[in-house]
Amino acid sequence: MSSIAIPAGMPQYDDVPRYDVARVRADFPILDREINGHPLVYLDSANTSHKPRQVLDVLAEHYARHNANVSRSVHTLGTEATEAYEGARAKIAAFINAPSVDEVVFTKNSTEAINLVAYAFSNASLRPDADPRFRIGPGDEIVISEMEHHSNIVPWQLLAERTGATLRWFPLTEQGRLDESGLDDLVTERTKIVSLVHTSNILGTINATARITQRVREVGALLLLDCSQSVPHLPMDVVDYDADFIAFTGHKMCGPTGIGVLWGRAELLAAMPPVLGGGSMIETVTMARSTFAAPPARFEAGTPPIAEAVALGAAVDYLSGVGMRAIQWHEKELTAYALDALATVPGLRIFGPTVPVGRGGTISFALADVHPHDVGQVLDSLGVQVRVGHHCAKPVCTRFGVPATTRASFYLYTTTAEIDALVAGLEQVRKVFG
Amino acid sequence: MQLESLYQEIILDHYKHPHGRGLRDTAVPGARVGEAHHVNPTCGDEITVRVATDGTVFTDISYDGMGCSISQASASVLHELLRGRAADDAAVVHEAFVELMSGRGQVTPDEDVLGDGVAFAGVARYPARVKCALLSWMAFKDAAARAGVGVSPTEVKA
Numbered sequence: 001m002s003s004i005a006i007p008a009g010m011p012q013y014d015d016v017p018r019y020d021v022a023r024v025r026a027d028f029p030i031l032d033r034e035i036n037g038h039p040l041v042y043l044d045s046a047n048t049s050h051k052p053r054q055v056l057d058v059l060a061e062h063y064a065r066h067n068a069n070v071s072r073s074v075h076t077l078g079t080e081a082t083e084a085y086e087g088a089r090a091k092i093a094a095f096i097n098a099p100s101v102d103e104v105v106f107t108k109n110s111t112e113a114i115n116l117v118a119y120a121f122s123n124a125s126l127r128p129d130a131d132p133r134f135r136i137g138p139g140d141e142i143v144i145s146e147m148e149h150h151s152n153i154v155p156w157q158l159l160a161e162r163t164g165a166t167l168r169w170f171p172l173t174e175q176g177r178l179d180e181s182g183l184d185d186l187v188t189e190r191t192k193i194v195s196l197v198h199t200s201n202i203l204g205t206i207n208a209t210a211r212i213t214q215r216v217r218e219v220g221a222l223l224l225l226d227c228s229q230s231v232p233h234l235p236m237d238v239v240d241y242d243a244d245f246i247a248f249t250g251h252k253m254c255g256p257t258g259i260g261v262l263w264g265r266a267e268l269l270a271a272m273p274p275v276l277g278g279g280s281m282i283e284t285v286t287m288a289r290s291t292f293a294a295p296p297a298r299f300e301a302g303t304p305p306i307a308e309a310v311a312l313g314a315a316v317d318y319l320s321g322v323g324m325r326a327i328q329w330h331e332k333e334l335t336a337y338a339l340d341a342l343a344t345v346p347g348l349r350i351f352g353p354t355v356p357v358g359r360g361g362t363i364s365f366a367l368a369d370v371h372p373h374d375v376g377q378v379l380d381s382l383g384v385q386v387r388v389g390h391h392c393a394k395p396v397c398t399r400f401g402v403p404a405t406t407r408a409s410f411y412l413y414t415t416t417a418e419i420d421a422l423v424a425g426l427e428q429v430r431k432v433f434g
Numbered sequence: 001m002q003l004e005s006l007y008q009e010i011i012l013d014h015y016k017h018p019h020g021r022g023l024r025d026t027a028v029p030g031a032r033v034g035e036a037h038h039v040n041p042t043c044g045d046e047i048t049v050r051v052a053t054d055g056t057v058f059t060d061i062s063y064d065g066m067g068c069s070i071s072q073a074s075a076s077v078l079h080e081l082l083r084g085r086a087a088d089d090a091a092v093v094h095e096a097f098v099e100l101m102s103g104r105g106q107v108t109p110d111e112d113v114l115g116d117g118v119a120f121a122g123v124a125r126y127p128a129r130v131k132c133a134l135l136s137w138m139a140f141k142d143a144a145a146r147a148g149v150g151v152s153p154t155e156v157k158a
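If you're matching them up, the sequences are chains D and H in order. Number 35 in this note's numbering belongs to position 35 of the first sequence; there are no gaps in the numbering. Number 116 in this note's numbering belongs to position 116 of the second sequence; there are no gaps in the numbering.
Excised from the complex, chain D in its bound form (with noise of 0.2 Å):
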């Protein structure tokens, strides 16, 4: 047998993080479930991920044994769970390698944390003595791409209609990345925020984004990243990033529903107005007036999903645990590798990149002329779990002409096995269909 030995002083093979996929697999009850007959093969973590029994554990044991309001109370439980939501929020920072816990702000989803600083703009446009990085109106402009999930459209194009302001975006090229050619032509004096996706939920692909923080900073506007499907399978550094803004959320990254953050840089949101006002965002009321807690707790009124967030802390533990390098790299080999195999189905396009470079594992595509839903039912036959439609991003569905694809999306628990699967799945389809 003839091996190829990498020269030394270069990374070696061995050197790459790896983890046991079987035993991960193990920590996740679900993936025990047969649907329709067939053992669940489940290629749909982009929608929403599974959580594994240390994060159910957590959230059960939280209700049973620590349960209180958080924030508010002298009592033993209240201060028990009090300390379990902030610990979470400090397990969450350090995840994130955000500088200080505190820019760490709770909300109920990405769609929630992307409203949030949408909001904080119109709310500052209609105070004189707001922060001018915040305030907007005609003449402004907001910069988005074609390549957004729904929820970093549509909070811009409503503030757009509040404030006057002016919504323009990236285009995308051929090949499902975006097309910078115009940045700066697009990104100018005007432009109060740049709010882009980082990893494309419908094609998977990872943008580079340092032409364009610079640019961004040369010109003195924000940068929001929206890092939903980001945050969950790499290693995510807000410093290095360069970002005034992240939003990510907690079920796509084995935590639970009803749980999102918002990350901003200390001093930003400091200068934010108030978005939702009521209990714990105070710092005092009188009936005339009220006057306003420091971020976080700013950006946090009435009781916040307190279980959710110490199971979002233990989502995290775990992701540490097996390592986000790991994760990154298993699903780069699960991308390489459904790659090459999709490619031999006849008829299949592959819409966003076709090499396992600047992108993540998620995957759509176009069989022949088979409508996705018909694609994802047949398929759902045989126990394979993928998302057809739009994938709230329709704009991308129109510029590559199609109504809807059909998206499968891996994460840590995805086996090549699986991929495999999916190949099977779609020869059925096929033959149904052909």
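Don't read these hints as lab results, they were simulated from the structure. Keep in mind it's a predicted model, so treat the numbers as computed, not measured. It is possible that part of the hints are untrue.
With a cut-off of at most 30 Å between alpha-carbon atoms, the simulated BS3-like pairs for lysine-lysine come out as follows [said to hold, decoys possible]:
| no. | chain 1 | residue 1 | chain 2 | residue 2 |
| --- | --- | --- | --- | --- |
| 1 | D | 431 | H | 16 |
| 2 | H | 131 | H | 16 |
| 3 | H | 16 | D | 394 |
| 4 | D | 394 | H | 131 |
| 5 | D | 394 | D | 431 |
| 6 | D | 394 | D | 108 |
| 7 | D | 108 | H | 16 |
| 8 | D | 108 | D | 91 |
| 9 | D | 332 | D | 394 |
| 10 | D | 91 | D | 394 |
Chain H residues, not near chain D, derived (Cβ > 12 Å throughout) [as the list claims (entries may be wrong)]:
| no. | residue |
| --- | --- |
| 11 | 21 |
| 12 | 22 |
| 13 | 25 |
| 14 | 29 |
| 15 | 33 |
| 16 | 39 |
| 17 | 40 |
| 18 | 45 |
| 19 | 46 |
| 20 | 71 |
| 21 | 91 |
| 22 | 95 |
| 23 | 107 |
| 24 | 108 |
| 25 | 150 |
All C-beta atoms, glycine included, are put in the ideal place defined by N, C-alpha and C.
Dock chain H against chain D, hints included.
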């Protein structure tokens, strides 16, 4: 096997060889025309249904759209079943189809009323697909109302 109850031969045949597809202008002078465009926002499927009526009979039902096999086959069956029918008859068929699709698989369809529409009985067991099957039927109802002919009071529960 369950999948076969969903994708009956009849459905696949209507999908691959749709009947009466394409929007047509009416050839009948003085006919009233109504049109409706419906979209299924969850999947992006679209259909436009156009009806022409002399006030009593649907002299033509034409349609165009894009979508899955269920939604497109259902439009073809709609055309087959209701074109040339009196409005009163059409209302009976429409109501029977909506009842079948809302029945979660518990309704036994009457082939005398529904013709090829009985093939959709299996679809009713897939809640995610009921809207696909009803897309053209709901567009037809609106189109008929716009042409001044009421069809069915039945609301969709699915």
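Going down the list of hints, with the structure as the test:
For the proposed pair residue 431 (chain D) and residue 16 (chain H), the alpha carbon gap of about 14 Å is at most 30 Å, so the pair holds. Between the alpha carbons of residue 131 (chain H) and residue 16 (chain H) the distance comes to roughly 20 Å, so the proposed pair stays at or under 30 Å and holds. With a CA separation close to 26 Å, the supplied pair residue 16 (chain H) and residue 394 (chain D) stays within the 30 Å bound. For the suggested pair residue 394 (chain D) and residue 131 (chain H), the alpha carbons sit about 19 Å apart, so the restraint of at most 30 Å is met.
For the proposed pair residue 394 (chain D) and residue 431 (chain D), the alpha carbon gap of about 29 Å is at most 30 Å, so the pair holds. Of the supplied pair hints, the one linking residue 394 (chain D) and residue 108 (chain D) holds, its CA atoms being roughly 23 Å apart against a limit of 30 Å. A C-alpha spacing of about 44 Å is found between residue 108 (chain D) and residue 16 (chain H), which places the hinted pair above 30 Å, so the restraint is violated. Among the hinted pairs, residue 108 (chain D) with residue 91 (chain D) is consistent with the structure: their alpha-carbon atoms are about 18 Å apart, no more than 30 Å.
For a cut-off of 30 Å, the pair hint linking residue 332 (chain D) to residue 394 (chain D) stands: about 26 Å separates their Cα positions. With a C-alpha separation of about 35 Å, the suggested pairing of residue 91 (chain D) with residue 394 (chain D) is violated against the 30 Å cut-off. Separation of residue 21 (chain H) from chain D is adequate, the least Cβ-Cβ distance of about 15 Å exceeding the 12 Å criterion. Distance check on residue 22 (chain H): its Cβ is at least 18 Å (rounded) from any Cβ of chain D, clearing the 12 Å threshold; non-interface status holds.
At roughly 26 Å, the least C-beta separation between residue 25 (chain H) and chain D is larger than 12 Å, which holds for a residue marked as non-interface. Annotated as non-interface, residue 29 (chain H) keeps its C-beta farther than 12 Å from every C-beta of chain D; the closest such distance is 37 Å. Residue 33 (chain H), annotated as away from the interface, keeps every beta carbon of chain D farther than 12 Å; the closest lies near 26 Å. Distance check on residue 39 (chain H): its Cβ comes as close as 10 Å (rounded) to a Cβ of chain D, failing to clear the 12 Å threshold; non-interface status is violated.
The beta carbon of residue 40 (chain H) is not kept farther than 12 Å from every beta carbon of chain D, the shortest such distance being approximately 9 Å. Its closest Cβ contact with chain D, about 7 Å, brings residue 45 (chain H) to no more than 12 Å, contrary to its assignment away from the interface. A Cβ of chain D approaches the Cβ of residue 46 (chain H) within 12 Å, the least distance being about 7 Å, so the stated non-interface status is violated. Separation of residue 71 (chain H) from chain D is inadequate, the least Cβ-Cβ distance of about 8 Å not exceeding the 12 Å criterion.
At the 12 Å boundary, the C-beta of residue 91 (chain H) stays outside the reach of chain D, the nearest C-beta of that chain being 29 Å off. For residue 95 (chain H), the condition that its CB be more than 12 Å from all CB atoms of chain D holds, with the nearest at approximately 26 Å. Every C-beta of chain D lies more than 12 Å from that of residue 107 (chain H), the closest at about 21 Å, which supports listing it as non-interface. For residue 108 (chain H), the non-interface assignment is confirmed: its Cβ lies about 23 Å from the closest Cβ of chain D, beyond the 12 Å cut-off.
Every CB of chain D lies more than 12 Å from the CB of residue 150 (chain H), the least distance being 31 Å, so the non-interface label holds.
Checked against the numbered hints listed earlier, the structure breaks hints 7, 10, 16, 17, 18, 19 and 20; every other hint is satisfied.
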